[in-house]
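For this one, chain A is given, so just place chain B on it according to the hints.
There are 2 protein chains.
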Amino acid sequence: MLTLIGLGLHGFEGISLRGLETARRADKIFLEVYTSPTIIDMNKLQNKLGKSVSILRREDIEEKDTLLSEAEGKEIALICPGDPLIATTHINLVIEARKKGVETRVLHAASIYTAAIGESGLHIYKFGRMATLPIPSDFLPFSVYECIEENKKRGLHTILLLECDVEREERLSVGEALKTLLRMEAERKGNIINKKQTIIILSGLESAEGFKDAGIMEDIMYKEFPALPTAMIIPGRLHFTERAAFESFFHLKNPCT
Amino acid sequence: MLTLIGLGLHGFEGISLRGLETARRADKIFLEVYTSPTIIDMNKLQNKLGKSVSILRREDIEEKDTLLSEAEGKEIALICPGDPLIATTHINLVIEARKKGVETRVLHAASIYTAAIGESGLHIYKFGRMATLPIPSDFLPFSVYECIEENKKRGLHTILLLECDVEREERLSVGEALKTLLRMEAERKGNIINKKQTIIILSGLESAEGFKDAGIMEDIMYKEFPALPTAMIIPGRLHFTERAAFESFFHLKNPCT
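The listed protein sequences derive, respectively, from chains A and B.
Numbering-wise (the numbering used here), the first sequence opens with residue 12 and increments by one.
Numbering-wise (the numbering used here), the second sequence opens with residue 12 and increments by one.
One chain only, chain A, in its complex shape (with noise of 0.2 Å):
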């Protein structure tokens, strides 16, 4: 049995009970640290879970078949930030492990996803297709402009999270992830992506170091963000209930969308 444990937003401490439960009772337990930069301290991991616990990078899952081989007639459980199969790498895990004979199941813990649409205080309910703003290389990713585009004209929120290489320790950075709109906005002319547009800014939400701020894309543009995992949303037309709630998130009251 392979059982997939959510470590949830930041930190051990957002494990569950159940996961806790879960890794104690398990005969060897991994920790993957590639989909997501959280910072765990090993020492205090163990202790809790008063077994040693093996990092996983992202090869000893893709190529070299390391926990597969050891699932098979044991119980293993693979820690796992936020909820775990959120990342597809984690969706193709089960997949060969089930191709292998070997049993899965899956215990959940909070995502950034559904995180970071309650700390906006925008319904769930009114937001689009989400998608992934990735480091810039030679292409401009007009599929993200794409998607903000569907949602803005059926008046729906956008959630972008903004791409982390945790291996190669590389992270696109709120501003650099601003001028990529607006450049694409530049090229595309839709009348999509506006500088004086208000968009909503969180980052590391429960770290010491979490963030989460609002204000027109020309000033959030400058301003500095902490090194963690960011998400950015940016809102299409807002219900009453939606101003009230940015106005008390935020301190605004007249967002411009």
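These aren't lab readings, by the way, just hints derived from the structure by calculation.
Mixed in with the good hints there might be a few duds.
Identical chains share a label here; the pair holds if one copy fits it or two copies do between them.
As a list, the in silico DSBU-like pairs of lysine-lysine whose alpha-carbon atoms are at most 30 Å apart [as the list claims (entries may be wrong)]:
#1 K62 / K110
#2 K200 / K164
#3 K264 / K110
#4 K110 / K137
#5 K234 / K264
#6 K234 / K223
#7 K207 / K85
#8 K110 / K234
#9 K137 / K223
#10 K111 / K164
#11 K85 / K223
#12 K223 / K110
#13 K223 / K111
#14 K110 / K39
#15 K62 / K206
#16 K39 / K55
#17 K264 / K111
#18 K137 / K164
None of the values given here were measured: they were computed from a predicted structure.
Showing chain B alone in chain A's frame:
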């Protein structure tokens, strides 16, 4: 300070370690039991917390202001099912607290939204707007039909939650939900809902009665599912990796979308 502490999907064991510690340190602990039919063993809960816990009903929050008058100058913990701010009632509570000068914070937990998407094996990036299917009344919920229509036209998946009124002990069954969808199709004739379409049902995730199934609508319609929170997914276009997940998770080779 008012801290909203998420309980995750089922029972007390879904709380995070951070949530548990915070509740233990609080001057007073409330448990909210009206937004989701979570079954909590109150003795176990109070033993684990080492404190008595007061049950809060909807009217206590919406009318009586019980919670907020307690929270002035004290540490109050409110334990809520799922991820706390996904329920709009809780967003309003935070707004009211802030008006009274009561600081608030949120400790996140697993939400049915990401848990159900994860367990379906479909990619979260390909989900459009979500909706809740209400318990039948005199009116057909055409806004839900339109939500599925918008998503389908863009090839996106739709997640629907089935309404559950905890205080009136009423819930929408899978069979009723599907009949409602077919009645709307019969009126609108948008070729959106089809009896031969494959759908996914996820019920009571992380509970002993939990259930996960997929099949064509006319077969699923007559199955019995346990009386627990239920999510339904109507898939849009499938990516080949999503097809692989479908086969692995539900033993269905050719889902009809």
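Comparing the hints with the structure gives:
1. For a Cα distance limit of 30 Å, the shortest separation of K62 from K110 inside one copy, 29 Å, qualifies, whereas the shortest one across copies, 47 Å, does not.
2. Taking CA atoms no more than 30 Å apart as the test, K200 paired with K164 passes in both settings, with 15 Å inside one copy and 24 Å between copies.
3. Taking the shortest alpha-carbon separations for K264 and K110, only the inter-copy value of 15 Å comes in at or below 30 Å, while the best intra-copy value is 55 Å.
4. With identical chains, the CA atoms of K110 and K137 are at most 30 Å apart between copies only, with a shortest distance of 25 Å across copies and 38 Å within one.
5. For a Cα distance limit of 30 Å, the shortest separation of K234 from K264 inside one copy, 21 Å, qualifies, whereas the shortest one across copies, 50 Å, does not.
6. Proximity of K234 to K223 under the C-alpha cut-off of 30 Å is restricted to the intra-copy arrangement: shortest distance 12 Å within a copy versus 45 Å between copies.
7. Taking the shortest alpha-carbon separations for K207 and K85, neither the intra-copy value of 56 Å nor the inter-copy value of 40 Å comes in at or below 30 Å.
8. Taking the shortest alpha-carbon separations for K110 and K234, only the inter-copy value of 28 Å comes in at or below 30 Å, while the best intra-copy value is 48 Å.
9. Taking identical chains as interchangeable, the C-alpha atoms of K137 and K223 lie at most 30 Å apart whether they share a chain (20 Å) or sit on different chains (26 Å).
10. Proximity of K111 and K164 under a CA criterion of 30 Å is satisfied in neither setting, with 46 Å inside one chain copy and 37 Å between copies.
11. For the homomeric pair K85 and K223, the shortest alpha-carbon distance between copies (24 Å) is at most 30 Å, but the shortest distance inside one copy (43 Å) is not.
12. For the identical chains of this complex, K223 and K110 are inter-copy neighbours only, at 19 Å across copies versus 43 Å inside a copy, given an alpha-carbon limit of 30 Å.
13. Within a single copy, K223 and K111 get their C-alpha atoms only as close as 44 Å, which misses the 30 Å cut-off; across copies the closest is 21 Å, which meets it.
14. For the homomeric pair K110 and K39, the shortest alpha-carbon distance inside one copy (21 Å) is at most 30 Å, but the shortest distance between copies (49 Å) is not.
15. Taking the shortest alpha-carbon separations for K62 and K206, neither the intra-copy value of 52 Å nor the inter-copy value of 51 Å comes in at or below 30 Å.
16. Taking the shortest Cα distances, K39 and K55 sit within 30 Å of each other both inside one copy (17 Å) and across copies (29 Å).
17. In this homomeric assembly, K264 and K111 come within 30 Å of each other (Cα to Cα) only across copies, at 18 Å, whereas the closest approach inside a single copy is 57 Å.
18. In this homomeric assembly, K137 and K164 come within 30 Å of each other (Cα to Cα) both inside a single copy, at 12 Å, and across copies, at 18 Å.
In the structure shown, a violation is registered for the earlier hints numbered 7, 10, 15, in ascending order.
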